[in-house]
Each structure stands twice: as structure tokens, then as C-alpha cells.
Amino acid sequence: MPSSTEELQSHLRKDYEHGFTTDVESDTLPPGLDEDVIRHISRMKHEPDFLLEWRLEAYRHWLTQREPNWAKLNIAPIDYQAISYYSAPKTQADGPKSLDEVDPKLLETYEKLGIPLEERAALAGVAVDAVFDSVSVATTFKDKLAKEGIIFCPFSEAVQEHPELIKRYLGSVVPTTDNYFASLNSAVFTDGSFVYIPKGVRCPMELSTYFRINAANTGQFERTLIIAEAGSYVSYLEGCTAPQRDENQLHAAVVELVAMEDAEIKYSTVQNWYPGDENGVGGIYNFVTKRGDCRGDNSKISWTQVETGSAITWKYPSCLLRGDNSIGEFHSIAVTNHHQQADTGTKMVHLGKNTRSTIVSKGISAGQAQNIYRGLVHMGKNASSARNHTRCDSLLMGDRCGAHTYPYMEVKNPSARVEHEATTSRIGEDQLFYCQQRGISEEDAVSMIVNGFCKEVFRELPMEFAVEAQNLLALSLEGSVG
Amino acid sequence: MNAAADMVARYCAELASIAPTLPAAEVPWIQQTRSKARDDFARLGFPTRLQEAWHYTNVGTLQRRFFSLASTDISIDPKAIEPFLYTDLDCHQLVFVNSIYAPALSTIGTLPSGVTLENLATTLAQTPQQLEPFFHSREQPADHAFNALNTALLHDGTYLHLAPNTQLDKPLHLLFLSVGKAEEHCAQPRNLIQLGTGSQAVVLESYHSLDDAACFTNACSQVILEAEATLHHYKLQEENQLSYHIASLQVQQAQRSHFESHLLSLGATLARHELSVDLNGEGAHCSLNGLYLGGGRQHVDCHTEVRHMQAGADSRQIYKGILDGRARGVFNGQVYVHPQAQKSNAEQSNHNLLLSNDAEADTKPELEIYADDVRCSHGATVGQLDDDMLFYLRSRGLPEDAARGLLTLGFARDLLERMPLKPVAEQLEKKLIEILSQSHGLKSLI
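Residue numbers (my numbering), protein chains in the order written: chain A, 1 to 482; chain B, 1 to 446.
Each computed DSS-like pair below joins lysine-lysine, with the alpha-carbon atoms no more than 30 Å apart:
#	chain 1	residue 1	chain 2	residue 2
1	B	K431	B	K181
2	B	K430	B	K79
3	A	K381	A	K353
4	B	K343	A	K72
5	A	K199	A	K347
6	B	K343	A	K455
No lab work stands behind these hints, which were simulated from the structure alone.
Construct the complete structure from the given sequences, taking the supplied hints into account.
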């Protein structure tokens, strides 16, 4: 296919569609980070003392740490003192009570993104806790959830209203000393989401949060904590888009999940932050620590992610399978194009008996992008009869991209079984020929083949997300013929 | 940490003091190569677990003791080496005691014309210029402490050169013996093998201990295969359970050359086998096979690195581990595909069998791919013997341990069957049966 390279290039040059900036005045701290900044953030958010102490402890530890450099990523040096660590939309001062009180400009932003908040919430039955920069501006369906005893609110609100839960669970999965970016997040996080599902409750709807980075030069430090008490179930959706911008923006989120006995948490992500332009200028740096703790027996945590955005992705959603018979799952599609770099994967740490985990990772690399799967499967001494199956496939489109696989398997128990398989290939010319011969355009054929390649993961996504994810994928890769 | 630095300094001091007595000490480029390597070693020190390549292997106990580098004159009774010979195999045989050539024990038959086979000290003393391709064709990796240590000493080993279109008439058996009774010794053989266009050879390296003293073997072999050359390489490591065995084998392959490697690792308290293959020419092919057994507190670590640098090359890897007692097996295989290396075909697999509750397997098969028109795959498994299979055998009246032994042998035999040199394969199988019989009642069956 001699002409395809050109064609490919023209399609790959496609601009980011969701690039625009909403003009909202922000109450922003000057750039820089020291203990005073942390005290200021804590004071602005009227936090209890224990949280301030916790932040300061994290900050002091962060100072002793070095940026991790083991990932196969090429990262321009980050000046942590040039980042402003707090920014809140001004209208937030009084706090909107309902959608009507929300700044219309914010609502407009969601409109542009194709997420009509009220409509979507009403039609799809999704409660949206929309995070605009660092402060939540609208929460819906609260009453319905409250009836079930479910707490679903911005993190800062949970700090005020349920400090005992925060104190008990915050940092219990990802401690402040965990890694460089988690420590930074612990010190300066501004807001995020908090979910508490009481014992035996099955959450009646998908919980969803839309993150959106807005004010220029503001690092976004989200903190999400989800607790599922014994016998409960929750499905949580997280999706993101961001305005176009030239400077790199740092995003270091921490997500902690706690699943007690017989509980199940399903966590789905569609990530489409600004990936930088075709020359690799700009784009979000996405350094995320996500970890789920299957604390009780028979608990289950599943991660599903579709990663199409960000200039750099550094993300390893993990499961600690502590309870006997607990289950961890990881389903991932990572698409990189232009100069994007993604070093992503998972960790399955099997500690309990009969624990099971499944890893399915699909990496698609186009342009000059680098796509890396890095995963750990650890079978502890007591993980008798534990099982793991890992499958990671990579698809290469174009002759200047890379796809890499670094699986780590550590097995300390003889009855544990670990299987790993991986393949790397490109879209076969015969597959394309077959489709074209039947009158399907080259573009549709590629999209069809890629969708087939990713099907296993799409199936794991909740309905609402599956559609969005497939559109995103088509958008990111239109016309990329290998 | 200071103790480790002191030990590195001690090695460097000894290297410096014996440097003038080494063969070809007066040849400037050799002298420079040695002193650069000594500086590299001083700078690098022993690897630590913080280095990714040594993540699962701790050389702490190795670096706490000093192994003498000075050559000693030890005479060995020819009878003592008989157990290590392949009785059914007609071969050229070079024997080394603590990496020093022992002519009295060696037999080199009449060599076909175009074949140069001698011990490295002879080459260094007489025709050192022949060795330049091994030290200039590629910058020696300065990030490898053990290779640097070996190069810094560069004294003896094997030199094999085949002119274009020649064939080494018989397999070459290189027998490395460690003796440590008088003094704990470090053997550092260097084997340099160059096969001209279209030539063929079979080389078998085997490593054994003559007594039960702890020794440290730091072996380094380099192979250059010119176009269409073929090398079959066998390696048996059977040193005693107190010894340390660190070895690297580096292969450079030109177009359409063929390299086949068979490794069987049985001995040593700490064994590390590194094998790196550069497929520098179109249509080059390599096939790497390895079987490692660990029991007691043994630690065995196999690293492979295959670099596809040109189009149309082919690589196959299969490594299997059997781990018993408190043993720990590590496999780290890397496949790299250069952007130019379209139409590459790479396969890699690693399977581990855990026979006891305290054994551990760590495996890390890696793919690093920069070209799109490739077919690369890898697979890895860790598990124990299949219950159904055990049940099947037991239902036919086999005692449990015999059934287990038989299944374990079946797991391993696959790799022995891949060896084209039947006398070696048969002898190794006998050895394997003997080892499995110690823990399982296999003997009664066979």
C-alpha cells in the first residue's frame, strides 16, 4: 500500500476536537510549593487538623523522594515550583445549591463536550459529580442515593461531613509514602470524589464524574476514595476531556478503592486529555496512582480503561487481593498517536487463597508514539491455588511507532498458576483486502478491525461509556493504515 | 556499601599487580583494553538490586568474599576428569583448570586446513592482532561489571577461527574445571570464536568442580558469525553447590547465519547465564534453548537479549525451569526490534515448574518493538504438576513420587530432544534422571 503512508499522515494530523478554553475567572494561588501553600489549601478548604498534618507529612516525605525514572518515558523536566497548586472557579465562593446556580459558562463547557449534564443525568440515570478544575460545581441525584444511605459527594464535602470515614480510609490503600506522585498528590490535592456504599446496598445507578482541566498552568490533583462495605456493589465511571493548550500540564491523581467482604467495585475510565499537537508540543502529563484493595473475602475489583489522551501516561491501576477468593480484573485499551507516550499496565498482588486475576491489555500505537505495557503479577507465599491469566496484544500502525511489553511475574507458591501471553503485529494487508473486496472502504475496514481487536475490553464498559469510547477510538485513529 | 567498595578496590589492586605478568602485556592495545576494563570495573563495582537487570538476583554473598585471581599451578590426575567426558563423542578437547589451559589433559586432533584452534594465551602471545575483531568490532559494553572484570584479566581461554567455507570436523569440547582447596579461586576464561563465511562448527562448554570448595567462575564468550556460518553451542553448568557461576555469551550474526544454543544449568549456589544475540544481517536465525534446575537454596538466573537489527531475521527462544527445595529461578528475556528490522519474526517462551512450597519463580519476558511489519510473541507460565496427569499415572499403579518424577522428566525432555548432538543429549538425560531419582523414585522405573 504505497499511498497509504501519505494518507495515514494526513489523517493522523487531525486536530484535537475538544480544544477550547472557557473564560472563567479563577481564584488561583501564585505558583510555588512549600508548607505555607499546603496550609493555605487546607485553610481554604476548612479542613480538620488531622488532614493538614497528613498533608504536611506527605509533603515532607515528598521532599526526600526522587522522580521515578524507570518508566520508558521521555519526560521534559518538570518545574514543580512553577505550578500553581490551587485554583477554584470564583463563583464557588457561595457554593451553588442546584444546577440553576451554576455558572452558565461552566454548563456551556459541558454542552460543547456533548455532555448536557441535566439531560444526560435524567436520561441515562447517571449521577454526575462534575469536577471543574479543582472544585466540584454540580452534583445530581443526591437525594436518590441518600435514600439508600450511599454517600456520593465531592471529596472536600466528605471531609466536612464524614471526617471519621476520611480519617479511617484515606491513605489506607495508597499511603503518603507510596511513590513520588502519590506523595505530591497527598500533600496538595484539592478535591475529587468520595463514594461510600453501606453494607449490602447495590448502588441503583452508575456513578459518574467528569473531570475537566481548565485554568492555565494549574496542576490537577484529584483524590478519589471509594469504599464498598460488605456485600455492596458500585459501578463508577470516570471520563475526561481537556482544552487545548501549549504548556504541559501536570496531573497527578490518586484513586483508592476499598472492597470489603463480598463487595464489588467496577471502575471504568475514558481518558481523553489533550495529547499535545502533532509535533509533540503541549499535552497533559498524566501520572496517576490507582489502587484497589480487596480487603474482604470474595470481594471483586475491576478496572476498565480506555486511554486515548495525554502526552504522557504513567498509570498502573492495581489490585491487592488480600481476601480469600477475591478477584481482580484489568481491561485496558491504550491508544497513542503522534508523539504520545504511554507506560501503563497493572499490578495484581495475590495474597489470599484462591484469588483470581485477569489482565487484558490492548495497545495501539500510531505515528511516532510509544506504547508500553508494564505489569506485575505477584503470587505470595499464602496465595495457594491462585490463578492469573494475562493477555496483552499490541497493534502497530506506521513504521515509526513502538510497542513494548514488560511483564513481571513473581511466584512464591507452587499451587498458584500464572499464564502470560503477548503478541505484536500490525493490521494485515490480507484482512484489509478481504474487507475492501467486499466494498468496505479502507477507513471503515481499519476501524472495524481495530474495534474487533479491542472488543474484549469494550464489552467490559458500561453501555454509556462503550459508545463514547468507540467514537473516541475511531477519532484517534481514523485512516491509520499500517 | 563500603565493604563492597573495598572488595572492588582489592580486586583492582590485584589486577594491577598481576597485569605485567599477563600474556601480551607489552602489546599496547591489549594493555589499554585491560586497563580500561579495570577502570570500568572500579567505577561500576558489583551490580546491586537497584539495577533493573539484577532486580531478582543479589550478588551480596559473592561480593563479601575475595576470590584470588592469580594463576596457580595445579596438576590434575587425568582419571579425575573422566566423569566429565562424553564417552560416545569423538571430539577435540581443551581442558582448563581455574581457567588456565592444561595441555596434558587436552587432546586436539588433526585440524582441517583453515581451522585455527588454540588456547587464548597462545594466541595472545603469538598473534594478538587476530583478536582485534573481538575488541574493536563493537564497543565493549562498559555497563557490565562482570564482563569488565573478565576483560581486565584477559589471560586464557579458547580461540577458534574458521576460514570461509570450512567445517570443524569434530565437535569441540571445552572443559572448565574449578579447584579451590588451596585457596578460593576465581576462574575467568574467555572464549573467542569466529566463523568465516559459510563455515560450520559445534562447540560444547562444560563447567565442573573438582572438589567441594567454593569457587567463582566469571566466564565470557564471544562469537562472531559471518554470512551463512553456522554454530551450534552447548553449555553444561554443573559446579558444586557452594560455587558462583556468572557467565555471558555474546553473539554477532551476519546475514543468513545460524546460531543454535542449548543450555543446561544444574549446579552452583548462584548461577547467572547471560546470552545476547545481535542479528545484524538479513535472514539471520537464532534458536535459544535453556533448561535450568534448582534445588536446595540454589539461585539460577537466565537472561537473554535478542536484538533484531536488520530485516527478515528470525529468533526462537524456549527456556524451562524446574525448581525444588528453596530454590529461586529467574528468567528475563528481551527481544528488541530495530525500526529497520521489518519482517522480523520473534518467539519467546518461558515455562516454570514449582515442585516445592518454598521454591520461587520470577519471570520477565520483554518485547521492545520499533518496527510495524513484525510478528512477535511471548508467553510465560508458572505452575506445578498437573493433578489430572498425576492421577492418570497413579491410577495405573505408579507410586506418587515416581509419577511426579516421570512428569518432571517429561517436562524437561522436550529441551533435550531439541539437541542434534545425540551422545550429549543422552548423557545429559542420564544425568537428569539421576538428579530426579534423588528426590523421586524414578530409578526403579528405568
